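A.B. asks: Next come the chains, spelled out residue by residue.
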Amino acid sequence: MDAFLILEDGTVFKGTSIGAVKEVISEVVFNTSMTGYLEVLTDPSYAGQATVMTYPLIGNYGICYDDMESERPWLDAFIVRELSRIPSNFRSENTIQNFLKKNDIPGIAGIDTRALTKILRDKGTMNGMVTTKRYKGSELSSILEKIKAYSVTGVVAKTTTKSVYVAQAQNPDGSRYTGDKEPKRVAFIDVGAKRNIIRSLQRQGCDVTVYPADTTAETILSQNPDGIMISNGPGDPKENVSIIKEIKKLYDSEVPIFAICLGHQLMALATGADTFKLKYGHRGGNHPVKDLSNGRVYITSQNHGYAVDPKSLDPKVCEEAFVNVNDGTNEGLKYVGKNIVTVQYHPEACPGPKDSAYLFERFMKMMEA
Amino acid sequence: MKDNSIKKVLMIGSGPIVIGQAAEFDYAGTQACRSLKEEGIEVVLLNSNPATIMTDKDIADHVYIEPLTIQVLERLIEKEKPDSILPTLGGQAGLNLAMALDESGFLKSHNVRLIGTTALTIKKAEDRLMFKETMEKINEPVAPSEVVHSVEDGLRVAEEIGYPVVLRPAYTLGGSGGGIAENREQCTEILENGLRLSRVHEVLVEKCIAGWKEVEYEVIRDSAGNVITVCNMENIDPVGVHTGDSIVVAPSQTLGDKEYQMLRTSALNIITELGITGGCNVQYALHPESMEYCVIEVNPRVSRSSALASKATGYPIAKVAAKIALGYTLDEIKNAVTGKTYASFEPMLDYVVVKMPRLPFDKFITAEHTLGTQMKATGEVMAIANNFEGGLMKAIRSLEQHVDSLMSYDFSDLDDHDLQKLLHRVDDRRIWVIAEALRRGYSYQEIHNITKIDEWFIDKIKILIDMENRLKSESMNETLLREAKRIEFTDNVIARLTGYEESEIAEMRDKWDIKAAFKMVDTCAAEFEAETPYYYSVFGSENESTGAFRDPEKKKKVLVLGSGPIRIGQGIEFDFCSVHCTWQFKKEGYETIIINNNPETVSTDFDIADKLYFEPLTPEDVKNVVDIEKPDGAVVQFGGQTAIKLADALEKMGVPILGTQQDDVDAAEDRERFDAILQETGCQRAAGKTVFTSEEAKEAANELGYPVLVRPSYVLGGAGMRIAICDEDIDEYIGEINQIAQEHPILVDKYIRGTELEVDAICDGKDILIPGIMEHIERTGIHSGDSISIYPERSLTATAKQRVIDYTERLAKALHVIGMVNVQFIADGDEVYIIEVNPRSSRTVPYISKVTGIPIVPLATKIICGHTIRELGYEPGLQKEAAYYAIKMPVFSFEKIKGADISLGPEMKSTGECLGIAKSFNEALYKAFQGAGIQLPKYKNMVITVKDEDKAEIVPIAKRFEALGYRIFATLGTQKALSEGGVKCFQVRKVEQESPNILDLVLGHELDIVIDIPKEGAEAGKDGFVIRRNAVETGVNVLTAIDTAKALATSLENKSSEITLVDIAKLDEEN
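Respectively, the protein sequence lines represent chains A and B. Residues 11 to 379 in the working numbering are what the first sequence lists, from first letter to last. Residues 141 to 1211 in the working numbering are what the second sequence lists, from first letter to last.
Hints are computed from structural coordinates only; laboratory data are not their basis. None of the values given here were measured: they were computed from a predicted structure. Keep in mind that a hint or two might mislead.
[As the list claims (entries may be wrong)] Okay, the calculated beta carbon distance ranges per label pair:
# : chain 1 : residue 1 : chain 2 : residue 2 : range
1 : B       : E179      : A       : A367      : 33 to 39 Å
2 : A       : E329      : B       : S430      : 42 to 48 Å
3 : B       : K696      : A       : K24       : 36 to 42 Å
4 : B       : E276      : A       : R186      : 27 to 33 Å
5 : A       : E329      : B       : G180      : 33 to 39 Å
Glycine residues also receive a C-beta, built at the ideal position from the N, C-alpha and C atoms.
Okay, chain B solo, but in the shape it has when bound:
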């Protein structure tokens, strides 16, 4: 029964997106907020991440986009006076905060209680020792282990248990700082790091069970003690690879009923003993050749796995968990999918779900690709099929990394010895390596012995290899094509293997009537009729999706393309945009259809669009949906690059693109066409030339005048742009990029050292609306997604500001923009130059929507539907500035990606962002740094090392840090410059010099900050790289841009003990 004493609930979100804590918590949190509001609860929301849907004013009653710190939470509780906190739906960050406040007694003294799972339960599950004792009490096996608080103890325990051992720091995200140690040195290294990262300086040293099957159960318990399993999942990669980086299948495939039920019963016994009320995840290691198992860990909250389980089954775990927290029992909660049955049942799947991780190695080319217990994936994709092979093929092509089959990475030129070596390596390309081994006739047993992957999965990979061979060698016929489609070979892949054109394969499919059919995810294997149109495609089956309107009153259908997996450069922002656009189209009377493949997002929740198709975002997969739904139009401007890329294909299918036309998008991207537009509209951009050789480049540079910006005409991983100040720089740079690729034009532009600005605008074809102008703290050369962004801008001259407005308007009109456009500028005095124009929604839209209170996406959607800006009650042009400064701060996950170069440049590297909002600029900046986890000062020691051209500029900044009480260390050159500038500074030896040198200082753990301004370009292995890596891995804040360092100084100078909290939901009233 509902507990009516709960009236006002505080929900804590998970903060910026980092590896191990991504969009899944926005999904869970949003679902939970809606579930609470449905029950008439007043919801207060705290989350520092402005890109989330949960921080919308229509999701919660009071929204605070503030740093997730104890100080903020305490002030918020005093201000809002909630009666309860629901801590288990916002990920580990929120849970840790709530726990800290519970432990300090603050909650008790303010009459706030934790609802859902209790603090004691959380401790029993998360505290290693208590967990072990609890498991022992109920005879649930755990691997032999011991908790340690020091490196010495850890080494002793490791020797007792015997190497290899697994090291797991307590209370960290995504296994941060953990790992497997094979020997004493590795053990020491991981222990030092793990102890530091753990909130309670605690690491578990455990027997290594690598190679066992890894199986997870998602379970739910209510306050009456009713328990259910939502789903179990089997990792294809055995224990040793973080489940977030594993290929995972649901339900388990190689477990018999005896094993399935043994672990299920265990999971239910565990949540019963822990007293969980809500959702919980239990991870097991199951011995592959006996019934022996052990519990790896229990997460007493919703998690990445629970989001996956929800999407895999249709069972809304977060929604149910929120209802349970309010006191409802499972048999009182309706099953929203069937509309008939109740939440007290277990979903039955009549399909297979395959999840694959999206790893960031395309952005971090220097990073180690190996996978272990530290999660590295930024996102994931999910595929649904009625056979495993098909599921795997769909998942592969959903990854958005130019792969579409087991042929996408070619290892055929390796000799057997090297292939063997690769098979032993656990990395992101392992299944492709296995495919190559199978092509060469390796036996299942051999591959299994090396990889420990179950032979059942190896056989499935072999089925795909067999089909490749058949397509290559047999002549095409109906049976063969049917079979190839059944296991999800795309027409394109079939064409490549058979030598036919893709269009010919499509014709054959027409002739033989081989069409995709859509089946429903209904939670119950068709036992009950379901109401929710959540579909996946299969071949060779009856189609259940008729394409008919769900609501016969509606007359028009719109297709909204999602943005695929979360990856660097394409984050949760685009899901925010897709969801808002969908909601607005619904209001405009359209039936809405979403296609997406990311299980972590709100957009793939089954009740966002009228119909959800969980499918890869490729032209063929989209066409399957289009053939059935025949939408009246498609919107691509909200789904980032993934969606934009599909625009051409959609036009060919005869689906009108709503809003800005594809030809105009192309015009903005094509340098020549865009130059013509600039000319025509009288907008200037930095003068530039396109060249091919070093000689031509130098000639161009001298003509333009140094400094110049040199960059390849298209982005090559890692080799980005470089600022050249002399001919030598150009020679060096062109030498570097020619190592990677030749014969591509190189662009040489006049480098304008100014302020970077950004505008998101809406255009109806006649008028434009500019919600606000944002200014970047970092100067040109750093990707806009990695820059600190300030709204409203503060350094433009009146002339320049007017130019920004004029240029935006001229370009939007010239490009015939209907809907969103994003323009980036450089301002230098009164001069304004265009950097680029993207006629689509951008990453800053959620942030600027929230701080200006202007519902940008809904407005743009209305305009796409034919309304005008004036009609919607807005005066065109730049809108009145908000009464607040809002600063968007990028957040990075560098410590998790071993080997990644952390220096900032033109390639985006941040995984997420947070917001600092306040009436004063300085407080906003302070909050933004706080939100990004930079909580200083601690030890008041710092290192500065800069290149020669920055030496003059660094002196005044160093002075400010000195004034803040910092002891400054520097290597010879910088030290000299600082001393000459009057800064007291200690010299340290360089890396290659004898110890103690700068590396010892970094590893000594008493540094707050390293300011290291590297030369542009890749420089893995060089001194700076080593220093930065080591610093980041030991938790030191590393700044690689002068402007960031300046901003941090400002922030620290203005550190105030009082912090003001801003309710975003009430901004309208103040603006």
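Only chain A is shown next, with the shape it has when bound in the complex:
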């Protein structure tokens, strides 16, 4: 069946329908990872977005359920050049075709994803519609109005855990924790978290209590956690007004805090800095980030459309700890007089390089101190 991708600037791509047959309007973004499509599909940060994979061959190794970063895919639509006719990997349990259908995710294949990526790069992220219906003339114009009017909202509430739960400490190999030390107790604020952040903490020997995004600071602090972790998540950070207020209270406490991605942006907003929307975001597994404390450059996994504006930083509150080597954007902050470190990128990887896993160890040290 034919499918169409209509961009808000009027560009139309014609391809083949994949996954569910349904019409969606969404924000179109591109990801340059060559592997890890399942992790991308199930990363809650893509809620409200339609994702284009720039690598042309997707689905080669099928679906390995263990690799899911949350219980289901969150993105609105999946856009690819080609889905593999067969999956081939000993871990594969399903085909990507079935997976998309079963999870009601529509998509389009067979389009020139590089041409699409160039449009998004040159004009910036824009909205689009994936549909199997052919729109023409005035119908198309009114659809374009609808597409333009779309914005990503309410996605944190949609993706956060609905109830509190505890993930228990583990040994580095994933078995039940048998270490000598008492497990650290980490309060984890889920604003749309990927599983591997929680897992990374567990494997450092932490008991992780996962809280819904709207949990108050008082509730969290009343449990006397050894540390607080604020997760990644979707959408415009500024939309989360009440969460930001609670985070300010956490900042005021003396509990060590580590935050990733949306969590990093929320902490910055809570302490008076500003965020802005990047032209087309950073999504992929090859972004170089410099750790200003030692000058080392790490290749990182990234997925963000917004960034903290370094010009808005109050040097009395925080300073840049990490910057992007390519475009100089902020990639992390260190808070003055505080035991708080936040990063824009994803040390938990999945998909992408694991080179920044050392940050979890650093967080352990922060909790020791």
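Given the structure of chain A, go ahead and fit chain B onto it with the hints provided.
C.D. replies: Then chain B, alone, in the frame of chain A:
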């Protein structure tokens, strides 16, 4: 930060092209030299290979084309006094030399340091034991193994681990001497050979992990400890086939992110622990059904794989590695492709790259086609597409071996049993066999179980088979044609399958607007705008190459056609010519466009031409580029046969051929037309006749008078020319060639036993310029590419010399040559005969350019652009002879091609060449033999066996070897002749006689030389063949031509302890 104490750096190249060490090191070395010079470093270059671009005086400040020996390197360091050596960019040969000098303490005592990766790191990576210990320390798994230094130990370890075992000699090229042993006998054989080839007499005996997925990572580390992965690659052929002989895809296709990152992290941990500063290659075996893996090997230097990774991603590994050696960190080095980002990132591909090996079995018909851990490919091709099937199709048609699809080798007449047997065989035609199995309905599982090739790849082959069937059975329509083009079926293949004419398919494509579009290789999957116009074609996409001039000031565009994969007969020389021609056109104000498909070469570096199209060199693929670029002209005379073959197609596309016209090229190749030209110009060639039968041949021979040269009118693999001295010879020969093919004319020419000469000249239509005359040491009958060539010639009479000049001039003018022409002659006294004329650049051009200091290719290019020889400041005619003798020595890779007949003849067999240059002829000859790796004497034992007609001639040569202290062994006939001639000589029994016989002597490893002059023609399985094979495989120097033996004697007689070094870059000042 840059280390400012580094001011003068010595780079060591990789020497002659041999299997396992090819053009990739010229590419890496050239890029590194340019990168160093960019930083103001004074560069001293040592490489014995004159065909390389790195040995140009504009690439390095001081250029030494000298043998790669310890003695030369020591003298060079004393003479040039570099402060540093960059050893990791010139391949294994250069690295081994630098290591030897480091170990001996020479470097330390001369205050020279190794920059980039340290000696300790190299040892940790290359020394089997240290490597294993290092891997154990950081918990990286390696297959159970043990290092052994003797056959006994090796057998013991093999039994402990259990057969099959893999045997890997330490410090050898391309896995030389390694292999998989299934049992004790095989193990013994490989161990003996491997221990001998290893520089340190060391072999690793290892658990066999054949059948696992083979995956490679190209990684880089800087001195600050920053690490990145440039690219990973998956071999379609599982572990067991050398990666150089495998079909390889980048990036990996069947690995999930968990596996990809697991191995990536491992690779980065390994280079961190080893302390690599620069580029490094890590090879893994990954269990196909678990997360278990093991590290196969680590190459702490740039390699064939790193060249491939550079071309596959656009990331210039060698350039970055050179900068890192100077102290820069990755985040300080700009990404030259985007011009915006930095080297500290990882390339993201939005396409698929497929590499296929170019194997030499078309030249070695008797050789075993099986592939294993010993690399056999002489070169490779790379294709870029946005789907795997398309990439494979493009790669297949890039191979230059008459294949264009999965139908090119036909196995349809095999019965199932034989097909099954073939499926079990790992050889160069395996994917065609799989295709046939799929056509017969074999399941993926069945094929996978036999071949261990991942089903994902088998499915892709099936997609191509499905398309073949659809084209055969369905009626043609737009959707079908679109789909066929998307997976890269050429119009020609579609026409064959559908029954349409190729032109009809092209018309349909026009009608339905199915056109090739070009996409950019930009390192970043379009995330950033890129500056570098490096393109590949796809169907069904938006076109990114507008064909507009990059520099609006320029008004004219020229298309330069490259020479495709490195193969025997078409080597790196043509890349040298293509690159120089491109550079000169740029200087002449042209925008330059290169089309080529060889990832190992300098010409496919993204900053050589203004635009690079990485595409197969077929008429259709070239037309796709022409349609968009609309070049003002194309040059074909520098790209060897590959380019020449495209001239007709280009003319049809309306692209003018610049320089000599195609019709004149045809005139030189067509015997009748050429005869007419010879007549008209008064140039003589050996009298000859064209015949069809044995009777006619004998009649012709008697009329011409014996001896005669008999050969087929076109070259049939292996069956070359034969010198016949009587009617019986002719009967025998014609019987032989009629077994291969009938009904083709046979040429009978008067055999003139004289000196072969060769001239490369430039003609502007009016005048000619002859840089020099070269003379071959071997007499007629041996391919010019396999002969030792001397410049300047030393045996011509004044009359003959004048005739060579006159004939060259007459022929060049008669053929309307504009640009290059190569003429081959035989001289006999004052008489000069023409052998052949090639109105194009030849294999000797780089060599003669370097030794005469005359920039031949740039001059020819200027002439093609309309300048004249006089205008360029040259006096026409033969130029003044250089003050040096320069001897080009062919180099062979026989030991790597099991079953190949090593005897020299009219079919070229050498893979590379080296140069010996000196003021005296004898020193030049000595250096040339040294450069070719013939470092004698060692044991002072030799074997001589010659055919009857050579017996008289061999006696004085044997006497000279005797005088050099050699003990001479010979079989009955030769022994008798030598003894009668007064040479002391020991008789040995023939092969078929009881032991100990000549074979035991050969295998006893105490021979320096075997002189075995065989009868012409294929004789696989015969005594001489067995002796030569065994000798070559045990490292004995085998000479199959009398003249070569004579030259070697001269060389040894003149072995001097002092060696003079010649700086090629300063020749001008001396000439």
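A.B. asks: Against this structure, judge whether each hint is valid.
C.D. replies: These are the hints, each one checked on the structure:
{"no.": "1", "hint": "B:E179 to A:A367: 33 to 39 Å", "result": "35 Å, holds"}
{"no.": "2", "hint": "A:E329 to B:S430: 42 to 48 Å", "result": "46 Å, holds"}
{"no.": "3", "hint": "B:K696 to A:K24: 36 to 42 Å", "result": "39 Å, holds"}
{"no.": "4", "hint": "B:E276 to A:R186: 27 to 33 Å", "result": "28 Å, holds"}
{"no.": "5", "hint": "A:E329 to B:G180: 33 to 39 Å", "result": "37 Å, holds"}
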